[in-house]
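Visitor: These are the residues of each chain, in order.
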Amino acid sequence: MTVIPFDFRPGTLVESAGVSIRILMPKTRLSLRARTAAVPAISRALGVAVPEKIGQRASGEGANAETEILCLGPDEWVLLTDVEQVGTITAAMDAIYKEHPHSLVDVSDREITVEIFGDKATDLLTLGWPRNPLSVPIGEARRTVFDGASVVIWHDSETSWRLNGWRSFMPHLLGLLVTGCRELSAE
Amino acid sequence: MLLITCPYCQETLPEAEFTYAGEAHIARPADPSSYSDEAWRDFLFVRSNVKGAHFERWRHFHGCGRFFNAVRDTVTDRFLTVYKAGEPKPDLAKLLEDAE
Amino acid sequence: MSQYRVQGKGRVSHGKPVSFSFDGKTVTGLGGDTVASALLAQGTHLMGRSFKYHRPRGVVTAGSEEPNALIGTSRGPGRFEPNTRATMAEIWPGLTATSQNRWPSLEFDIGAVNDRMHKLFPAGFYYKTFMWPKSFWDKVYEPVIRSAAGLGVSPSVEDPDHYASRYLHTDVLIVGGGPAGLAAARSAAEAGAKVTLVDENTEAGGSLLSEPGVEINGQPAWSWLESELASLTALGVTVMTRTTAIGYYHQNMVGLCQRVTDHLAAPQDDQPRERLWRVRAEHVVLAQGALEKPLVFDGNDRPGIVLAGSALTYLNRYGVRVGNAAVVVTSHDSAWFTAFDLAAVGTTINAIVDTREAVREDLLAQAAALGIEVLTGHTVTGTSGRLRVNSIRVNPITGSTVGQGRDIACDCVLMSGGWTPTLHLFSHTKSKLAWDAEGKTFLPAETLEDCQIAGAGRGLWGIEAALVDGAEMGAKAASALGKAAASATYSVASDRTGTGEAQKELPTDKDLTSTRAFVDFQNDVTAKDLRLAVREGMRSIEHVKRYTTNGMATDQGKMSNINGLNIAADALGKPAPEVGLTTFRPPYTPTTFGALCGYHKGAHFDVTRKTPIDPWAEENGAVFEPVAQWRRARYFPNTGEDMDTAVMRECIATRASVGMFDASTLGKIEVVGPDAVEFMNRMYTNPWTKLAPGKCRYGLLLGEDGFIRDDGVIGRLSDDRFHVTTTTGGAARVMDMMEDYLQTEWPDLNVWLTSTTEQWATIALNGPNARKLLEPFVEGLDLSAEAFPHMSNAICTVAGFPARLFRVSFTGELGFEINVPARHGQALWEKLWDAGQQYDICAYGTETMHVLRAEKGYIIVGQDTDGTVTPHDAGISWAIGKKKPDFVGKRSLERPDIVAPGRKQLVGLLTQDGSKLEEGAQIVLDPNQPIPMKMVGHVTSSYESDAVGKPIAFAVIEGGFDKIGETVHIPMPDRTIAATITGTVFYDPAGDRLKM
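Residue numbers (the UniProt record's numbering), protein chains in the order written: chain F, 1 to 187; chain G, 1 to 100; chain U, 1 to 996.
Just so you know, the hints here were simulated from the structure itself, not pulled from any lab data.
Keep in mind the model is a prediction, meaning the values are calculated, not measured.
Glycine included, each C-beta is placed from N, C-alpha and C at the ideal position.
It cannot be assumed that every hint is accurate.
Derived SDA-like pairs: lysine to any residue, alpha-carbon spacing no greater than 25 Å straight-line [said to hold, decoys possible]:
1) G:K89 with U:E704
2) G:K89 with U:Q268
3) U:K430 with U:K574
Listing some non-contacts, in silico: residues in chain F with all C-beta distances to chain U over 10 Å [what the hints assert, rightly or not]:
4) P26
5) I96
6) E115
7) S160
The task is simple: from the sequences and hints, build the whole structure.
Guide: Set out below in structure tokens:
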């Protein structure tokens, strides 16, 4: 079984005819928790329409274009953004804290994200993902389970997915995915 | 492996995303110190262990993270309904009638 | 070409010989053969020895239900598989196959002496005989029985193959690729459903593969099959062959085992040997057909006695005649067709014996036309032949009288006791069966699953009936999915339909106590054994099954269940439906552990979580240990050091100067919100209101039952923000428990929890030189004892990395825990390591951490506590906020059993002879009391200690706090050790070293 080097250096991890895996550059990742009532205020503060349906994503515009927000639960979101934006975001959120209490925690280093792409990318996910991949519409994402570990899986296009999981689980998960790539190539 | 509907996500998903969390509708008393030893024992340990429709809690652990309630038939493993935490206990007679 | 191979017949490749070895001899078969068909083609029926009596056995079926022809197959070291059914094992050049359960050879087997002594081994023999003396069980009986009885030999080398698994979601899953399954697939696919069709055979077609003479919609069966499969593929149907549905679970979860490489001469390296599919289907159609039953008569198990339907398969699918001179024995029309087909290719049919009085005119006419002798209203009362049947004894039945017997010579007997619908999968989900009195068998009745049964599986017979029913069931499945469906029509010519009569044991003129009429061939269970079980008091069919082992072999009673039931019911004097069937359990056919394990072996056996500093530890020779799912460095041995030496060195170095420890696995939870302090007050025993930002406190978490669940140091970062740490193993559990209270008990609180365990890499520096080492790296913080005392926290920069710095200690020395974002963990570790060289820094692991904390009397939750320990029992009542009105577990601390005297309490132990105790050892007060002794507690932690100068231990002992200074005894296998009860703090009780 494959042993994955543990430095998570961004770049291609495995390339094969049907599917490839690439470790993505780290982004700033903020965990946001708040009550639904605070959503309009938070949307204004962030300049992004915060989605309220679990699994839906939204992106900012203009200077905010790099900011992406995903609704993970009824009171939980994850914000992906550039490190330069963090100060602005934190300040804007601090400003509404008194009126709209919430929790904003930097978890940038908690997770590693890989991109899985190619014609057999969806097949590869069936190695460890109990739910039906096609039940996640393109442009959405879900927190779910992959081979026993909590992950968030993003459906970006018909042939491209992102998977992010907690750092310590990634050697195991990537080992499984690399094995799967070889297996799919041998089909 | 069962399929379970999460009332928050409004999706029916594999059991692997969920964890079981015991019998439902056993609320922690507001003032435990007012409870007699017997009443406190019952709160801690005494459970209905029914054969049939069972009110129980699940957590969408690898998902939205929410605890919710469900009624499951412990004989057939069928879910009769699921509902959000804090919502009133559904009428069992009506549920059983609907399931017929 | 052997005389048994029929030139041009069957689906094998006549121009493509394939050689393999069987018991060391080269056998040449044809492409498409199984081991069984290739052996039959050279006239070999003898393929195995039976389980208990070592009786010579031949192949009896042509499918996965085969009970007799079990062989070992091999493709090299570690790639040996015992108990493979020769009827399913495809041949390939180089295959090595061996027979089993015989010595020295299949033809001459010493173990066959068991058969001569069969009267000594009735049902229940083992239960009656091997009872006493007790000591014989382990040493004599079990090893002897295990080596004498049994099936193939387990491989002794690790399996080098890899195994795969997948999830699959489909609208309609169809199990069985015979006519019913194919028709179901067409209906469902034409309606627009996504259809997956699986079949355990090498190709789809089912009964069509054995019935080439049938015409479907004007086309010969095989050309129809070819075009139908192409057309289904075009419709988007996924057809998976060599794929067995092994289990059916609730809500249409079906497990499939796909054999990927077993039939290949040269598999690719990256191909898995087998793949387990976990299928979730909206709708399931079971089209598994029916299995033929043997007839139960004396000597019905000799090699050469084959099920008639299987003989038809060998002929029509493999082009193999099972013999030159056959007698057909049947109670069902279907066997007559086997006789006719075999007669047409040169096998002499010496007789067709039918137990029924009256048989269809057309069958009689055809037999007459072929010159076959027909004996209706006859029974079979015996056979002869040692390694191969050579004659059969048949007798007329008049009313209930068995007439004079007559021997008919033959080299094979083709038997049919009718057909049993295959309902194993249907029954896995506790679906209900109903007794069909006419067919004397069970048929599917009710199910809670979204499932249909089509064709012979629900008692329908004939290819047209199967096609029509399959089409209808496929359409039903599609309609249930909301798709408009129509079922195609089929016209079938030359369909060989038929009926039969179910039999119990055939009537005989012999003494029933001397007959050997086998019901379960694989487990050597006879009709006599079943009757004996009933006579000896077994009333439930489940008891009869276990007493006789009927249906308990690897074939799961596929051939024997209904015969066994009918015979047991007869003996019980009850109707069969009242006796009922035993429970069918997965898997449908034997399944390798490899397939069930999938990827989870070796390094991937379980998730192994690794810290950001793990690569450094590995490079520096750490010995690891698993802690929950993590692997943690246990100690860092220098060359030649064992664990004790390394740990002692690490302890000394840390207390003398400075040690460094990877604490990244500690659970971390960020508690944020205006109600954070209120939440902390309710969750933890300690008071939090007065803890100032920048300060830390030891936190103790109880369950509602009052027992210790977790602990850890908690820092208040600001008014509204806490950095909570948990034990390594408790992290997920604590988070779950907190979320539970927050979501369901206190949803009004404005506070949120975020797991930050993996956000931070945590490095602990401990020892008198810790500050000196750290100070130069820290910016924006005065580290002096006055400015940053024990139990402080601050946000600062360490070596240029943003950090949360805690001044805490789990060793009793001056200590710091530096949290930096995980990606910088190893870089910081290396900087501190380099700078630490001037202080002779030492990297230490979990073992040294355990020793250092024990010397200080710090407990480890889960080691010194076990889920029944209260704060008082553990001697840490000081951590309870006495003035708080409530917290989780508070009420339970007043429970009668928790305030009662005599509870086990955590104390220290020092042995009187200076020896080290075993963790887990039991403790007694009086070592001279009779056995069983009263155990008053056990050792929870035990270590050699340099700082104390002798070994130290913790123990939980009944009433321990009142026994300080007293002597207790620890009985060990070789001696009893005396120890003195002490307090738990062995080192620096005043805590001066913490305050440096």
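Visitor: Hints first: check each against the structure and report whether it holds.
Guide: Status of each hint after checking the structure:
1. Taking the CA atoms of G:K89 and U:E704, the gap is about 24 Å. The hint holds against a cut of 25 Å.
2. Between G:K89 and U:Q268, the direct Cα distance comes to roughly 58 Å. Violation of the 25 Å bound is thereby established for this hinted pair.
3. Pair hint U:K430 plus U:K574 holds up; C-alpha atoms about 24 Å apart against a cutoff of 25 Å.
4. The Cβ of F:P26 does not lie farther than 10 Å from every Cβ of chain U; its closest approach is about 7 Å, which violates its non-interface assignment.
5. Residue-level check passed: F:I96 sits 13 Å from the nearest beta carbon of chain U, beyond 10 Å.
6. No beta-carbon of chain U is positioned within 10 Å of the beta-carbon of F:E115; the least distance is around 19 Å.
7. With a cut of 10 Å on Cβ distances, F:S160 stays outside the contact zone with chain U, its closest approach being about 20 Å.
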